[in-house]
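2 protein chains.
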Amino acid sequence: MTTTKKYVLGEEKIPKAWYNLASDLPSPPPAVLHPGTGQPIGPGDLAPLFPMAVIMQEVSTEKWVEIPEPVRDIYRMWRPSPLIRAERLEKVLDTPARIFFKYEGVSPAGSHKPNTAVAQAFYNKQEGVKRLTTETGAGQWGSSLAFAGSLFGLEVEVFMVKVSFEQKPYRRALMETYGAKCIPSPSNQTASGRAILEKTPNSTGSLGIAISEAVEVAAGRDDTKYSLGSVLNHVLLHQTVIGQEAQEQMAMAGFAPDIVIGCAGGGSNFSGLAFPFVGDKIRNKSKTRIMAVEPASCPTLTRGRYAYDFGDTGHLTPLVKMHTLGSTFVPSPIHAGGLRYHGMAPMVSHIKELGLIEARAYAQVECFAAAVQFARSEGIVPAPESSHAIKAAIDEALRCKQEGKAETILFNLSGHGHFDMGAYTAYFAGQLKDEPYDQGALDKALAELPKVAA
Amino acid sequence: MTTTKKYVLGEEKIPKAWYNLASDLPSPPPAVLHPGTGQPIGPGDLAPLFPMAVIMQEVSTEKWVEIPEPVRDIYRMWRPSPLIRAERLEKVLDTPARIFFKYEGVSPAGSHKPNTAVAQAFYNKQEGVKRLTTETGAGQWGSSLAFAGSLFGLEVEVFMVKVSFEQKPYRRALMETYGAKCIPSPSNQTASGRAILEKTPNSTGSLGIAISEAVEVAAGRDDTKYSLGSVLNHVLLHQTVIGQEAQEQMAMAGFAPDIVIGCAGGGSNFSGLAFPFVGDKIRNKSKTRIMAVEPASCPTLTRGRYAYDFGDTGHLTPLVKMHTLGSTFVPSPIHAGGLRYHGMAPMVSHIKELGLIEARAYAQVECFAAAVQFARSEGIVPAPESSHAIKAAIDEALRCKQEGKAETILFNLSGHGHFDMGAYTAYFAGQLKDEPYDQGALDKALAELPKVAA
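Top line first, the protein sequences correspond to chains A and B. For what it's worth, the numbering used here labels the leading residue of the first sequence as 5, then goes sequentially. For what it's worth, the numbering used here labels the leading residue of the second sequence as 5, then goes sequentially.
Each hint should be verified, as a subset may be incorrect.
It does not matter which identical chain is used: a pair holds within one copy or between any two.
No farther apart than 30 Å at their CA atoms in a straight line, the calculated lysine-lysine pairs in the DSBU-like style are these [unchecked claim]: (1) K9 / K20; (2) K448 / K203; (3) K134 / K95; (4) K129 / K289; (5) K10 / K20; (6) K134 / K9; (7) K129 / K9; (8) K185 / K437; (9) K185 / K203; (10) K17 / K291; (11) K437 / K129; (12) K129 / K10; (13) K20 / K95; (14) K17 / K405; (15) K325 / K448; (16) K129 / K95; (17) K185 / K95; (18) K455 / K325.
Keep in mind the hints are simulated off the structure, nothing from the lab.
Please model the complete structure; the sequences and the hints are all you need to start from.
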């Protein structure tokens, strides 16, 4: 008989420090460059946007970064998150593989994003900041920062990609319930927004545009800083509580993963689960496969170029070396809004170049089919983003079946899909398309990459 | 400094038996009557609708009813649920009272409803049933039964009140994701539905009508039974895992509640938390206050008549003695759809008559204000139903402040509000009304109560 195997840790097992992959890397990632001078930037260049504690984490090479007690205390609301063996799914697939998943949907905002939102809100509060600006696509990040802001008494202003603002009024309502202000982007509140609206009055927006607006507002106000939900080193660092807990829970279960899987847009939930395992892989020279899964319509790691690029459309950010489709590339309107970013976290890009991880891309419809199969066997309806990790886990389990191998697969279920049911409705109605990317548009965006000396 | 105090039990603490309040009552509740004969019904009368195991639970007076291991095994997916001290809310209210809440929103369907859905699906599966029919209002119950059905391989057909079917497409999508069929009610698939549509082609439906349709379909098919999400004794019985866990967790916290609070529509989440405490109150002759909170627009316990009535509009159900507004009463379209039922669980009504519990009614807008205050301090966005319990807890905490008393308040947070964000949007836009009930309509519905010899 199938039984529920849920591995739960006591709250004393919430990690006391974040794990910094930079400490274990055989070579450091390329420097971040100033777009004007082409020279490496220093902490001072970032000070208008981020609190100093966060900037120091961004460049730290210490192995462990202590988690402040007030942050751990809020983690306690939902952490440690459960690790569950998907034995009912294994049975449906009739596979000898063991499938485990770490479930981050138990947070109040429904995803892994509060792991860093709480930390960022804490450091900003500590340094006297009154207001945070940020951008959001589908809304998981915006609602997580709104949640964190409400707990620390910080004002939060979220620039939400206009198409999502209109299509997903419930995520906006969630942000407002937490007391945040939600502005459709492009807006006329910033020069970046007005420039876009002048050229394209009906622009539906993009993450790159929304980032420009949020950065511009933060840079222009003394009491305001900017907060980013993925991509940067400190964000990935904060997410490593996921993988540290998972390592402890896999030990409880008595299995070490042969494959570790996460979906990847900017890279934060993937890194959160994977980085502690990547560190082990480096130190132990193990053969653990570590896989980032992205949408075929926004195939940064599998089809992008590893090059210096801007993080935003308005070109207000520094230049980072990453797998990119070009900052002017606009991904198709798939429902996994959190995966629609033109770039990839520099640290994830770097370890891909080092051969430490692999990447795979899936189309939208096959991911929804995997999500429904998962919901019907494991009871949890996944976020469209997370369904990419599920699809990869299922495919690997089916490969194990074919090869007669009892491998152990671990994936990150980064969030639930309760705010994405409109996408499921469209799937059941047969209205979802695979939304492949436009090769011509990609070639054009790549041709517009900034010229940087090697 | 405020700290997070979350009381977590290991899975070995999931109760092994449900607690049956009937065993401790000073007098039994009035008999259930056959509508044709006016005589008490026997198990055989219910056999077309329910599996025999459930019927025997309905009339059991045993103190403990063993929970089958396969049911406990599925409970393990999310149980034991956490008990949390709302210390941040206490601080905002500046009250000497201690506020605790039991959080049932951690289930895959987001509410307490799976506690009984899983049990009912198990017993039906065991007795060879292939298909379950049920009704749902806002959709919490329908999606919970869909979830349970998917795990046991049962087909599930949900008659959803038409106005909710149209207003809440996301709950419907959740049911379909779990593989259930969702039909707007009144439908033309049943005689009950056709009768309503003939008289009122544009009927937006009601729970009473949807029950008639689901019962009619189950009664007419050999392989199909009916499943109810509240009101009946066996449903309340299954929910007592909530209160049993809460008792253990309150002991961990070192406080005994002076006041136990639950919102009440049909009565199931209220009973789930409260019944174990009511049993203690009877046995120990304690002064614990136990409070059911209902919407002012559907004030069953506070304004209804204690009388025999039908459970449905089509008058297909037996007669039960309960606080009722009359089976033809149509409550205002408030957003707490789960509280819009014309009657109250007979067992809850009975202990109200015995003076063991008290009742209170709140209007819609003040409940949303309480919900927002709670979300901003405790991080969890409550279901509109649960907000009634929060409002009562806040009012009691403010009374404690006025009286300078450090009482301990415990309430049931029966579900999260992630599927109800449209209601929050309306609240923030100032579009919510209090929707008081129509005294004339109530008088008329009460005048139509069935005549039953005392």
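Each hint, compared with the structure:
1. K9 / K20: both (26 Å within a copy, 18 Å between copies)
2. K448 / K203: within (19 Å within a copy, 63 Å between copies)
3. K134 / K95: For K134 and K95, only the inter-copy Cα distance (21 Å) is at most 30 Å; the intra-copy one is 52 Å.
4. K129 / K289: neither (41 Å within a copy, 50 Å between copies)
5. K10 / K20: both (23 Å within a copy, 18 Å between copies)
6. K134 / K9: Classified as between; 27 Å across copies, 44 Å inside a copy.
7. K129 / K9: Between copies only: 22 Å across chains, 40 Å inside a chain, cut-off 30 Å.
8. K185 / K437: between (33 Å within a copy, 24 Å between copies)
9. K185 / K203: Within one copy only: 26 Å inside, 47 Å across.
10. K17 / K291: This pair counts as within: shortest intra-copy Cα distance 27 Å, inter-copy 39 Å.
11. K437 / K129: neither (44 Å within a copy, 37 Å between copies)
12. K129 / K10: Close across copies (24 Å), not inside one copy (36 Å); limit 30 Å.
13. K20 / K95: Only across copies: K20 and K95 sit 27 Å apart there, 37 Å inside one copy, limit 30 Å.
14. K17 / K405: neither (35 Å within a copy, 36 Å between copies)
15. K325 / K448: Within one copy only: 19 Å inside a chain, 74 Å across chains, cut-off 30 Å.
16. K129 / K95: For K129 and K95, the Cα distance is within 30 Å only across copies (19 Å; inside one copy 49 Å).
17. K185 / K95: Cα proximity of K185 and K95: across copies only (24 Å, versus 46 Å in one copy).
18. K455 / K325: within (12 Å within a copy, 81 Å between copies)
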